[in-house]
Amino acid sequence: MKQEDKKAHKFGMVVDLDKCTGCGSCMVSCMAENNVPFKEDETDKKKSITWMRVYKLTNGKSFPETEIIYMPRPCQHCGGKGDHGHSPCVSVCPATATDYGHDTGIVSQIYTRCFGCRYCMGACPYHARYFNWWDPEWPEGMENYLSPNVSPRMRGVVEKCSFCYHRYQLAREKAYVEERDDIEENEYQTACTTACPAGAIVFGDLNNPEHEVTQIVKPDPHPDPRNHDVVGKSRNPKVFRLLERLGTNTKVYYLSEKEWVRKAGDNYRDGEWDKIKNHHGTTESTHG
Amino acid sequence: MSEIENKSETGSTESAGECVSGDTKDDKGLGLGVIFFLVAFVACFLAGTLLFPKLLYSKKEQPFNFDHALHTSEAGDCESCHSYREDGTYNGIPKLATCLDCHSEEPLGETEAEAIFVEEYVVKEKEVPWLVYSRQPDCVFFSHAAHTIKAGNDCKTCHGPIGESTVTKPYEENRLTGYSRDIWGKNIFGIKKHSWDRMKMDDCAECHKKETGEQGACFQCHK
Amino acid sequence: MKVDRRSFLGLGIGAVAGIAVSPVGLKLTDDSSILSQTTKLWPWALDHPPFDGEITYESSVCSLCPGSCGISVRKIDNRPVKIEGLAGHPVNDGGACLHGMSGLQYLYDPARIKTPLKKKGDSFEEISWEDAISQISGKLADIRKNGTPEKLACITNKEQGSVSGLLQRLLGAFGSSNFYTMPSLESYLEITAAQLHGKGKTIAFDLENSDFVLSFGAGLLEGWGSPVACFKANATRKQRHAKLYQVEPRLSNTAAGADQWIPAKPGTEADLALGMCAVILKKNLFDSNATANFKGGLNKFAAMLQKEYSLEKTAQLTGIKEADIEKCAEGFAKAKMPVAVFGKGRGDGAQSLKEMTAVHTLNCLVGNINKKGGVFVQNKTQYLEFSDVTMDNIAQSGSAKAKIGLSVDQMLDTVNASAKPVIEALIVHNANPCYSLRNTKRVKQAISKIPFVVSLSSFLDETAMQADIILPSHTFVEGLEDVPNLAGLTKKVVGLTKPVVTPVFDTKNAGDSILMIAKALDESVAGNFEWDSYEECLESVTAGIWDSLSEDGYAILSEDVPSGAQMVNIGFLADNPPTVVAQAQDGFDFTLIPIDNMRLVSGAVAASPFAVKTVSDTVLKGNDIVVEINPMTVRGLKDKGKATLTTPMGAVKVLVNLNEGIRPGVIGMVEGLGHTFDNKYVSNKGVNINDLIGPVLESGTGLDAAFGIKAKISKA
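From first to last, the protein sequence lines stand for chains S, R and X.
Numbered according to the working numbering, the first sequence terminates at residue 288, and the numbering increases by one at each position without gaps.
Numbered according to the working numbering, the second sequence terminates at residue 223, and the numbering increases by one at each position without gaps.
Numbered according to the working numbering, the third sequence terminates at residue 716, and the numbering increases by one at each position without gaps.
Isolated chain S, as found in the complex (with noise of 0.2 Å):
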């Protein structure tokens, strides 16, 4: 038993953009999925929760010149400078209601433990927290479709994506009664993968070369030379994280043909980008 312990998962996915159409099955499985509730207006986004978020990029050219691209954006579970676990976010939180699981590299919360202090949302450089402002409220006899797997949250607590944990669990209690070590890659898989029509997320074990994530992402091990805090960095050229140089070390990366969107995962300043962008996503030890 302790020698599987040892073996420590760490999930993750990426997101084709090219194949994503912006439809909006994510949101709404991951809604469904997680007990999320809505209210009458949700038109200021600052305060409508949605751990599944999609937002919709441009090039900034002009007519007829625009091309625009759509970026699901669920929790990034970054793994912090150089992957040890010190995500933004668990690193504030003073209740220690959130911390990352380093058997799955997710990093998780006790919604009940949250006291509204928000630091965390401060901290998260992708807006992927969202502050319960009120309580939830469902018209009469909605409350019948919620899901046990997932505690409804209170107000005054902050919550946010949990790539489906519950899902995992699950998967593993299944695994237990069939006396098996592990789950398949197919048992956990989250809400908005199984939900996206496009086929655009793929999801699984950043740590099993069999996961077809792995075989898109071509994680490397080994810290990138030119900063140290980068762990994971992509090996395909296509694919990108979101503020990568910060070394947040996130576990969603994307996909992407176009050059502008992939120079669009993070800021970079004039001339910045011409400088890296053939290398990007590989590490001079790679190059030999």
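Calculated from the structure, these hints are not laboratory results.
Quick list of in silico lysine to aspartate or glutamate cross-link-like pairs, DMTMM-like style, CA-CA up to 20 Å:
{"id": "1", "chain 1": "S", "residue 1": "Lys56", "chain 2": "S", "residue 2": "Glu259"}
{"id": "2", "chain 1": "X", "residue 1": "Lys336", "chain 2": "X", "residue 2": "Glu326"}
{"id": "3", "chain 1": "X", "residue 1": "Lys145", "chain 2": "X", "residue 2": "Asp522"}
{"id": "4", "chain 1": "X", "residue 1": "Lys238", "chain 2": "S", "residue 2": "Glu212"}
{"id": "5", "chain 1": "R", "residue 1": "Lys193", "chain 2": "R", "residue 2": "Asp154"}
{"id": "6", "chain 1": "X", "residue 1": "Lys680", "chain 2": "S", "residue 2": "Glu143"}
{"id": "7", "chain 1": "R", "residue 1": "Lys210", "chain 2": "S", "residue 2": "Asp103"}
{"id": "8", "chain 1": "X", "residue 1": "Lys640", "chain 2": "S", "residue 2": "Asp44"}
{"id": "9", "chain 1": "R", "residue 1": "Lys95", "chain 2": "R", "residue 2": "Asp67"}
{"id": "10", "chain 1": "S", "residue 1": "Lys46", "chain 2": "X", "residue 2": "Asp617"}
For this one, chain S is given, so just place chains R and X on it according to the hints.
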């Protein structure tokens, strides 16, 4: 009350003895002060230990008595009724359908409990509203499969010898939190003798640390 | 013994110390932390924790749109908790759209109709089912007694399916031909096939296998046809090295995902298609085997094209460069398996027959009809086996009379135009014409002129509000019904919705409501309805496929490439029918067009609270609708600023989204907002674009072909 009165008498004797060899006025005051201190101390301590739990918890009776010992002798071990579903989830307290595997509208025995069960629930096809001593808050995830099949614990480790009980004890509900007294434990100081005496997060964490070396991240036990 | 200050202090300190040493402090601290952390401070959660139980899955079909995806309903302790796509289903194989996944919100929608209702003044009163049926049958009996059975009309959402079949049977036995469907992709595909290939046929596009999709505004990623199937076909496009060219004045999601965006002027799709036909004919890029099947004057057609749709003229009409038109036409004609797709937006909006036939003629010219990766032209789906209707004399004379309109729009206009009621009674099923048809005021006026209106609806929507009697229907998770996929897929699939939950309210299957009405009429009508229940009826009329429907949840009627050449009658286009232009007025210099947004719906049901929540704040902000406009269009408008948008139909306050992704001179407004019924999460948000656009009926077809309307906008 008589106990407290006794104690206060003892207290006064002691202080009376002391006042022989001291400044009468001051000592007397000090003596009285000590007496009052002790009286109040003991009274409040006992009230906090004995009376407080009675105020804190309200007692509720189960819908009818359930004789675990009888059922285990007739039906077999715990898993005959409390079982895993095929998908690995745990059925907890069985639903009426499970009871009906053995029971029917014709009582099997002659107990009053069974008569209530048949009349109120079997005939009316109603689920029995059992009060669950081990009910955890909604934010808790607990995998029975992980703890038994995977980790090899038996039911007793957490639930104690409930399988040997013949009567269902009253359900004591914490008036503040709404949860059962069994979570904090019968002992109001929170002291436990057995692993099953308490079911609080600290108890989970303690065992996890001992058995696996770490207590795990939030989602290990929360949802 | 004197009690002095010191002893009093002793008492106090003793009490404090006693309490401190007792477990009170520790326990209360612990309890109050639980109290503050757990749900006790939130009383709702203590009464309504989501109860745990056994997890089960039930397969069914979603009938919210014509796509008819397979769904898997996850239930916990027999309580439906989530709807997801059904893996292995021939339509969607696993994926699901956001509306289907919000299906359970419809079940508990605040606007659900809970019991039969009868109009009383401005509101409704609850009545029993028996009462409602007897009042309906009483009115209908009077109409028959007067010998005017043709004055019963019906509006529903589709022609296919057994509930629609029952409605048509009711009208037939009653003696009326006034059966209308709302504009739909189903009807457009059939009208186009009828015009070019002959009656009784329909068209399907093999998007999954095509290597060049040329879409004339079809919102393949906006919810066109069977949305999930389209998303899937698009997702594999890259691997298949297939191209997508999108003709549309606005950078929609489809245009954004396309290899080439061709931002033609709104309403010039037909012109562009004909211009491309001209290029193909002129450059001999057509398939001569295919053109051998052309009837009705191919030469005349070619001559007309060279004259009216030369490159130069087409470029002028459409605003697309000559070279681009030529390049696109050549790319299309030279592709191995090209497909040209029509049906703007979701495919159910305003379209003209000219546009649809022009686009489909491109398919006919390049010879991709009935080939893998091309376009399938085949007979209409027929799987229902209804026996012939027995009509009495009254019914025969009524049925012999012509329909009062070619389309639902024309019928309503006729009602409005006549002084005496031409329609005495109207049954509306699964349709919301008072919201979804252009110029809603006109629709409401027509409906209010009809003396007796019956609504078979699940929700108290804009049209149900106009009804005299409402018979509430089940939602798709509560009832049994056959749902054919009518969305232009090459696979012809019929699915079966199953009751996965016991009805929440006192509702019935619409099929049962129709049976009850029919059986309450005189024997000559009632005799045609021999079934005791809708379920029995369904089983008997689908007898041929019932086993597979009930066991697998679906039946595949056909999926192979149809064989045989198809005649193409080009006569209609060779005469160059006039292109429909937008309704205009002096001083209205811009064109307002509707935007189909995947996150909203504009059909019989409104979007769910979840779907509305996902809508961007560049579409809806607060209760204000946001219109898209190119910064070049009007100087002085600020992004996020307030403006007044005026069309010949009226003026509304809007917010402005300055957007480079829309053609200058065009204003885009989303469809699906501005509902007015009682659901605060969905209604009274933004405006209904159908209040701002009036219909322009195409002569000869009666189709509303108003792609937009002329408009002006100014800073408010």
